[in-house]
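J.: Protein chains in written order, with this note's numbering: chain A, 99 to 311; chain Z, 6 to 362.
None of these hints come from the bench; they were simulated from the model.
Treat the hints with care, since some could be wrong.
Chain Z regions said to be covered by chain A (calculated; three or more residues, Cβ under 8 Å) [to be verified]: (1) 184-190; (2) 217-227.
Negatives, chain A to chain Z, calculated, CB over 10 Å [unchecked claim]: (3) R109; (4) L119; (5) A192; (6) R213; (7) P238.
Glycine included, each C-beta is placed from N, C-alpha and C at the ideal position.
Here's the letter readout for the chains.
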Amino acid sequence: MHKIAILGAGRVGTALARRALSAGFEVRVATSRPAADNAFMLQIVAPGAIAASAEEAIAESDIVVLALPLSKYRNLKPELLQGKIVVDAMNYWAPTDGTLAEFDGAASSSEVVQRFLKGARLVRSFNHLGYHEIEDAARPQGHAERRAMAVAGDDPQANPVVAAFVDRLGFDPVLSGGLASSRLFAGGTPVFGAAMTRSEMEDHLGLSSENLA
Amino acid sequence: MELGIYSFGDVQRDTATGELGSTAQATRNLLEAIQLADQVGLDYFGIGEHHTREMPASAATVILGAAAASTSTIKLGSAVTVLSTDDPVRVYQQFATLDAVSNGRAEITAGRGSSTESFPLFGQSLNDYDELYAEKLDLLLQINENETVTWSGKFRPALNDALVVPRPERGTLPIWLATGGNPHSSVRAGLLGLPISYAIIGGQAHRFSPLADLYRRAAEQAGHGPDKIKVSVASPGFVGEDARQAKDFFWTHWHAVMEQIGRIRGFAPPPRFHYDTEASGAGALFVGHPEEIAERIVTLHKSIGHQRQFFQTDVGQMPHRDFLRSIELLGTRVKPLVDAELGRRQPVPENDEAAHA
Ligand SMILES: NC(=O)c1ccc[n+]([C@@H]2O[C@H](COP(=O)([O-])OP(=O)(O)OC[C@H]3O[C@@H](n4cnc5c(N)ncnc54)[C@H](OP(=O)(O)O)[C@@H]3O)[C@@H](O)[C@H]2O)c1
């Protein structure tokens, strides 16, 4: 598990690419433009990342990260993502995404995305971290300031793979449960944008030992 | 290095009664701030278009026009003009008029803008967010290059050999592209040969250094000369005599505004330790005493190589006198230190006077 595809080369996509590269992953980045259009840009802002088409990036990689605007999710090709472990880092925010009927009032945007990407093994994570913190906040294992990162998905084999990815990128993964539980770390929740340690996040997600007891 | 200020026209709150001041008073205060910035030798003042009760600076060129008459050297611009919901013809006419009355001191900074109140106000749909911006920027740039324009697009009636006046005496207006860090915007500005303005409002500021590099390399690739290629940095900033006091003071106002934004966008306002990290070292918040701010500007210059840095100071209903004091310190104490380190900007000859010299 060392090959990553990132769909989206904006603020989140390029920061994740750099972070994953320095954590030793092989990284391919694709957008809606032809690969050649991204090559020059990636060479400078994420040296080492491979500019690829979405098809190629997905086919070559073990984990695919969705870092495109949620308003564009229908441009993704579900058939390419069949059986793939897909990390959904997207959030719904009407003021910039425009009003999207299917997300308005939806408990969790990831469930809507999963319904569209039938057959993909969708795991939500990274969405509650500001793009500028992907690099700034990453810390080695055991570091006192290491921050927690929520992980939620319905596929029991995909979750630990994404958790391990989160860990290698410098965050403590906290599994919150199935995809539906990702509403607990969506926009508007206390977890969103907050810096929390593992135990603080477990508290907020209702996972602390008292709650489980 | 040019130094300056930008403001959204923040309304003051009466510290005794807790009541929010009037939007009209805030507008007059903003004018006073621009006048002071000019007097203390700052190079740039930008007004960021907003349409809220707390931030009512909706008509930047009117305030800047008033400022043009009572200032002498400071450059007057927007930071930013929300081009997506405006008519580029009207934007250009207004800034070109400002340029005439200010003797060549007007600038436009075009951007998507981080606030979206103007969309419902002017009847635009957020579903067209990207397309609106691309189309309107294209028209604005054409108008800047040509006195008469023939153009057609999706969001406004076509123009057929239309005359857009007045015209700037220096040929064109500086049009900066504002970006929050999407790399494609840096490539775009570079390829177009436009100056770029980075909004660095959180995290570590030197993170923008690869973007500035990308911008310059894109410009070089497109064959644009170095004279066209300029980088500016906009960030929150507050200067006080005493570092500790300045940090404590700005914290209350910055935190208040982060709470407001957080409520709207659904994120938790950052805690104090987070603020303290970003208000020091390579962080994006330039808060402290003059020597510290000067040193941090110079340090950032080493990684980004920017030609201008300007600060948003009046946030979270800050009392007007504190805003003014910070402007004064930026001009009288920070600027000389930065100049001593980086050298004074050579004034660019750009109007009649210079041409006859
Ligand atoms: N900004 C944050 O701090 C933050 C934090 C957490 C999560 N998020 C979420 O992360 C996502 C990306 O945010 P951002 O701030 O990085 O946005 P951004 O800077 O606007 O970048 C979006 C990127 O997506 C690409 N894209 C568009 N359509 C695509 C498609 N069909 N396939 C592949 N790529 C496509 C765009 O490139 P082209 O248009 O050239 O294709 C661009 O590179 C959003 O869903 C956002 O909610 C953002």
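J.: When the structure is checked against the list of hints, which entries are broken? Sort them ascending.
T.: Going through the list in order, the structure violates hints 3 and 5 and respects the others.
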